[in-house]
Amino acid sequence: MPAILWARIPLRLKIGVAIILAVLAAYQFGRWMGAKDARVAAQMEAIKEASSRISNMEKNNADFHSKSARDRCLVLMRDSGLPDSGCD
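Residue numbers (the working numbering): 1 to 88.
Note that these hints are calculated values from the structure, not bench results. Among the hints, erroneous ones may be present.
To be verified - Below 25 Å or equal to it, Euclidean Cα-Cα: the simulated BS3-like pairs (lysine-lysine) are:
| # | residue 1 | residue 2 |
| --- | --- | --- |
| 1 | Lys59 | Lys48 |
| 2 | Lys67 | Lys48 |
| 3 | Lys36 | Lys48 |
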């Protein structure tokens with residue numbers, strides 16, 4: 001029965017629906033890639049900002065150099081407004 005119904009649908013309509021579905025799939029793929037690129041760009045910006053903050057602290061604060069790795073991590077996390085649990 002479904003084969004008979006499928007045969008009755010005009011070829012132009014089948015092609016039109018296939019084109020619409022392909023365009024929607026391409027749009028969704030492009031949207032997903034754009035969101036991924038924006039996320040990567042935001043992460044890169046955060047990395048640059050953190051590295052400049054570390055360099056600045058090392059230059060301006062002699063005590064920062066003598067701290068343990070965990071203490072330096074805690075200083076950076078608190079400065080960034082992130083939770084201290086990231087240093088554990």
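Hint by hint, here is what the structure shows:
no.	hint	in the structure
1	Lys59 <-> Lys48	17 Å, holds
2	Lys67 <-> Lys48	22 Å, holds
3	Lys36 <-> Lys48	19 Å, holds
Against the hints set out earlier in the document, no violation occurs for any number.
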